Structures are given as C-alpha cells and as structure tokens.
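Asker: Go ahead and model the full structure; you've got the sequences and the hints to work with.
Basically the numbering used here = 1-based index in the sequence shown + 773.
Simulated from the structure, these hints should not be mistaken for laboratory data. All of these numbers come straight from a predicted model, not from anything done at the bench. Where is the CB? At the ideal position from N, CA and C, for every residue including glycine.
Pair by pair, the computed Cβ-Cβ distance ranges are:
| no. | residue 1 | residue 2 | range |
| --- | --- | --- | --- |
| 1 | V813 | Q884 | 26 to 32 Å |
| 2 | S804 | E841 | 17 to 23 Å |
| 3 | A861 | A887 | 17 to 23 Å |
| 4 | N868 | E841 | 15 to 21 Å |
| 5 | S874 | R897 | 17 to 23 Å |
| 6 | L898 | S874 | 15 to 21 Å |
| 7 | I812 | S874 | 19 to 25 Å |
| 8 | A887 | V813 | 28 to 34 Å |
SDA-like cross-link-like pairs, simulated, lysine to any residue; straight-line CA separation at most 25 Å:
| no. | residue 1 | residue 2 |
| --- | --- | --- |
| 9 | K811 | G840 |
| 10 | K903 | A848 |
| 11 | K873 | D825 |
| 12 | K903 | R835 |
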Amino acid sequence: MFSKGSKTPPEGSKSEVSRPSAAEVSTAAPSIISADLKIVGNLLSGGDLQIDGTVEGDISTRRITVGEGAIVQGAITAETVRVYGTVAGEIKASNVHLAKSARVDGDIGHQSIAMEAGASVNGRLTRLDKSPAIQRPSGAAKSQDSAASNGSSGATPSGGGSSSY
Numbered sequence: 774m775f776s777k778g779s780k781t782p783p784e785g786s787k788s789e790v791s792r793p794s795a796a797e798v799s800t801a802a803p804s805i806i807s808a809d810l811k812i813v814g815n816l817l818s819g820g821d822l823q824i825d826g827t828v829e830g831d832i833s834t835r836r837i838t839v840g841e842g843a844i845v846q847g848a849i850t851a852e853t854v855r856v857y858g859t860v861a862g863e864i865k866a867s868n869v870h871l872a873k874s875a876r877v878d879g880d881i882g883h884q885s886i887a888m889e890a891g892a893s894v895n896g897r898l899t900r901l902d903k904s905p906a907i908q909r910p911s912g913a914a915k916s917q918d919s920a921a922s923n924g925s926s927g928a929t930p931s932g933g934g935s936s937s938y
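Answerer: Right under this line is the structure:
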C-alpha cells in the first residue's frame, strides 16, 4: 500500500478499465417504462424489465415487474413475473408473484406461484412441467425453428396469431 515502487503500470499491461459485457449490464439495471410512457407494440428483451406505464402488446423477457400503476394489455412470457399492477393477457413464467394490488385478467401458466391476500385473478392457473420458451433478441430465427420442431403453432408475438391453451 505504501510502497516506494513505480506508480506507472509495467509495459505491456493494460491501464484501461474494461467495459462490462452486455450480460453484466443487463443484470445491473432493468429497462424501465416510466409511468408517463405508453408503448404500443411488442417488447423483446434478454434482460430485466420494469413497467410503470402502459404497454399494449406482447412481452418476452427474462424478468419483469409490472408496477402498481402499470397496465399491460398483452401476453407476458418470462422466467420471473412480479405483478403489482394490471395485466390483461396470458402470463407464462417459471415463477409468478402476485402482490395484493395485482389484477390479472387472463390465464397463468407457472411452475411456482405466490399470491398475496387481495390479489385478483380472472382466469385459469395451470402448472407447467417445464420453463416456458422465452424468445431472445439475438436468436429470433432460432426460436421460430425450435417452435416448429416441437409441435407448437409457431406463432410469434409479432405474428398476431392466437395461441391454443
């Protein structure tokens, strides 16, 4: 700590600070849709998403939190879904948490679910045997190919097709 040695780095060593990778950045901070923002269209993310405004479209992401004043009108597919606001559409996730202020109008497919007293669900709760397939931004073509090979309808969020239950 208090050495009398040289303070300059030895030749050939990097003195630059390396940038974090995209994966490190996505775990550091979620993408946020603020309360005064309305998005019409589908959202596709490989990271975390915080919705405080309104989204009219389907959402596919790793983790999503629907804030207390937020409204989502569309299907949500994720590993983890936390709902404090309103969702009008199907939810498919490994882990689902519904807070007491949550209002869901649609079916929920889950591996694990937790509901606080006061949460409202108008739809079916279905236990999934395996994690739902989450589309990744970099592999959209691969997702469609794998959906076709496993016997699903192949409908994508942007396809506008209906899914069967």
